[in-house]
Amino acid sequence: MATKSLKAKGNDLAISNKQLEILNGGIFADGELPYFKDKIAQIGHFPLRPKKLEILQINVGYMCNQVCEHCHVDAGPDRKEIMTRETMIQCLEVIKNTGAHTLDLTGGAPEMNPDFRWFVEEAAKAGIKDFIVRSNLTIIRANKKYYDLPDFFKKHNVHVISSMPHYTRGKTDKQRGDGVFDKSIKALQELNERGYGMPGSELKLDLVYNPSGAYLPGDQVAMEKDFKKALKEDFDIQFHSLFAITNLPIARFLDYLIASENYEDYMYALVEAYNPAAVANVMCTNTISISWDGWLYDCDFNQMLDLKVASKVKHIKDYNEDLLNDRNIIISQHCYGCTAGAGSSCQGTVA
Numbered sequence: 001m002a003t004k005s006l007k008a009k010g011n012d013l014a015i016s017n018k019q020l021e022i023l024n025g026g027i028f029a030d031g032e033l034p035y036f037k038d039k040i041a042q043i044g045h046f047p048l049r050p051k052k053l054e055i056l057q058i059n060v061g062y063m064c065n066q067v068c069e070h071c072h073v074d075a076g077p078d079r080k081e082i083m084t085r086e087t088m089i090q091c092l093e094v095i096k097n098t099g100a101h102t103l104d105l106t107g108g109a110p111e112m113n114p115d116f117r118w119f120v121e122e123a124a125k126a127g128i129k130d131f132i133v134r135s136n137l138t139i140i141r142a143n144k145k146y147y148d149l150p151d152f153f154k155k156h157n158v159h160v161i162s163s164m165p166h167y168t169r170g171k172t173d174k175q176r177g178d179g180v181f182d183k184s185i186k187a188l189q190e191l192n193e194r195g196y197g198m199p200g201s202e203l204k205l206d207l208v209y210n211p212s213g214a215y216l217p218g219d220q221v222a223m224e225k226d227f228k229k230a231l232k233e234d235f236d237i238q239f240h241s242l243f244a245i246t247n248l249p250i251a252r253f254l255d256y257l258i259a260s261e262n263y264e265d266y267m268y269a270l271v272e273a274y275n276p277a278a279v280a281n282v283m284c285t286n287t288i289s290i291s292w293d294g295w296l297y298d299c300d301f302n303q304m305l306d307l308k309v310a311s312k313v314k315h316i317k318d319y320n321e322d323l324l325n326d327r328n329i330i331i332s333q334h335c336y337g338c339t340a341g342a343g344s345s346c347q348g349t350v351a
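Counting in full-length UniProt numbering, the sequence shown runs from 1 upward without gaps.
If you're looking for bench data, these hints aren't it; they were derived computationally from the structure. Given the structure is predicted, the values throughout are model-derived calculations rather than measurements. C-beta: ideal position from N, C-alpha, C; glycine also. Please note that a few of the clues may not be correct.
[What the hints assert, rightly or not] Computed cross-link-like contacts, DSBU-like style, restricted to lysine-lysine with a CA-CA straight-line distance of at most 30 Å:
| no. | residue 1 | residue 2 |
| --- | --- | --- |
| 1 | K7 | K314 |
| 2 | K229 | K154 |
| 3 | K186 | K155 |
| 4 | K171 | K9 |
| 5 | K51 | K96 |
| 6 | K51 | K312 |
| 7 | K80 | K308 |
| 8 | K37 | K314 |
| 9 | K37 | K18 |
| 10 | K171 | K7 |
| 11 | K232 | K144 |
| 12 | K7 | K308 |
| 13 | K7 | K174 |
| 14 | K317 | K129 |
[Stated by the list, open to error] Label-pair restraints from in silico Cβ distances:
| no. | residue 1 | residue 2 | range |
| --- | --- | --- | --- |
| 15 | A310 | D234 | 42 to 50 Å |
| 16 | S16 | E202 | 37 to 45 Å |
| 17 | K317 | F235 | 42 to 50 Å |
| 18 | K145 | A230 | 29 to 37 Å |
| 19 | E32 | E86 | 42 to 50 Å |
| 20 | R117 | D293 | 14 to 22 Å |
My request is simple: use the sequences and hints to build the entire structure.
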């Protein structure tokens, strides 16, 4: 398991341009595989355009208590990028006036931002219909100051979407570190005790599955059944839905693919699994991603590649929904990950 982020190690792939050189070069530049733009042009979707904005996804910082080997954010304890209260206030102004109905807080571990609770409380007053916090679960057990997070989430009716690589200890700890599985199970049990994930409960608890190796996720419906059966039988844990998300070839997962000599095979697998039916509903068409320092992106993955929106409006302080809705979405070869098989988004499959 990694103990430091790529940035802390001085790895070339911590530089977004280095990642883009790989994604745009090699087997794509040689013509072995088609560029993503050419693939979607065949079905009349280039340039890719946004639909009605539904989701504001805000990354409140890259700091995390874990260093997961697949992390596209390259998050970790050594990442100090944290959203300030000033930027949060700018986000709140947008939240009050946007037509989006969902606020999606992510990180790193978003709970580690010192203003996280203040931001949740203020944003909750703005009347967002679906208020998501993406939790890695272990943060709830990482330190006494986080032990009451399940109660805090319940108080504000937060929709908790939690990372859970597998329902077995071995596969989970391999991807996320020793002890992660047991802490995750404890956190899920505590959420269940508050009513999260229970049948008929309005306290939504969903899990996210990412493959632990250089392969695509299986069928989301079938995996959800397996997860529910195993977690209920072994730990009496219940949850609402499982989201299967394809690992995109950026940041630490890209580093893993190259180091294990799986990069070309993985890109071939993504291109071969390309599903034109998934293109229309990829998450960048209904989402705006906001970085810790207030810059705007088409999605969280583009944020990590520093591909800002193709609009006159590039920062939250200048936010204009009409102008943003009249933009072309920036794409590259990592986008194959969102259109492979049944498609993939932060809300699971799309096709």
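Inset, instruction - Compare the distance between the alpha carbons of K37 and K314 with 30 Å, and conclude whether the hinted pair is satisfied. - result: holds (23 Å)
Legend entry - Holds or violated: K171 to K9, with C-alpha atoms at most 30 Å apart: holds (25 Å)
Legend entry - Straight-line alpha-carbon gap K171 to K7, limit 30 Å: Roughly 26 Å separates the two Cα atoms, so the pair holds.
Inset, instruction - Mind checking the alpha carbons of K51 and K96 for me, to see if they're no more than 30 Å apart? - result: Given pair K51, K96 holds - Cα atoms ~20 Å apart, limit 30 Å.
Legend entry - Distance restraint between K7 and K314, which requires alpha-carbon spacing of 30 Å or less: holds (24 Å)
Legend entry - Pair hint outcome, K51 versus K312 [Cα-Cα no greater than 30 Å]: holds (18 Å)
Inset, instruction - Take a look at whether the Cβ-Cβ distance between K145 and A230 falls inside 29 to 37 Å. - result: The hinted range 29 to 37 Å holds for K145 and A230, with Cβ atoms some 31 Å apart.
Legend entry - Range agreement (Cβ of E86 with Cβ of E32, hint 42 to 50 Å): Holds, at about 47 Å.
Inset, instruction - Hint says 42 to 50 Å; check whether the CB-CB distance for A310 and D234 agrees. - result: holds (48 Å)
Legend entry - Pair hint K186 and K155, alpha-carbon separation not exceeding 30 Å: Holds. K186 to K155 sits at ~20 Å (cutoff 30 Å).
Inset, instruction - Assess, step by step, whether the Cα of K37 is no farther than 30 Å from the Cα of K18, and give holds or violated. - result: holds (20 Å)
Inset, instruction - Starting from the range 42 to 50 Å, see whether the pair K317 and F235 falls in it by beta-carbon distance. - result: holds (46 Å)
Violated hints are absent here; each numbered hint is respected by the structure.
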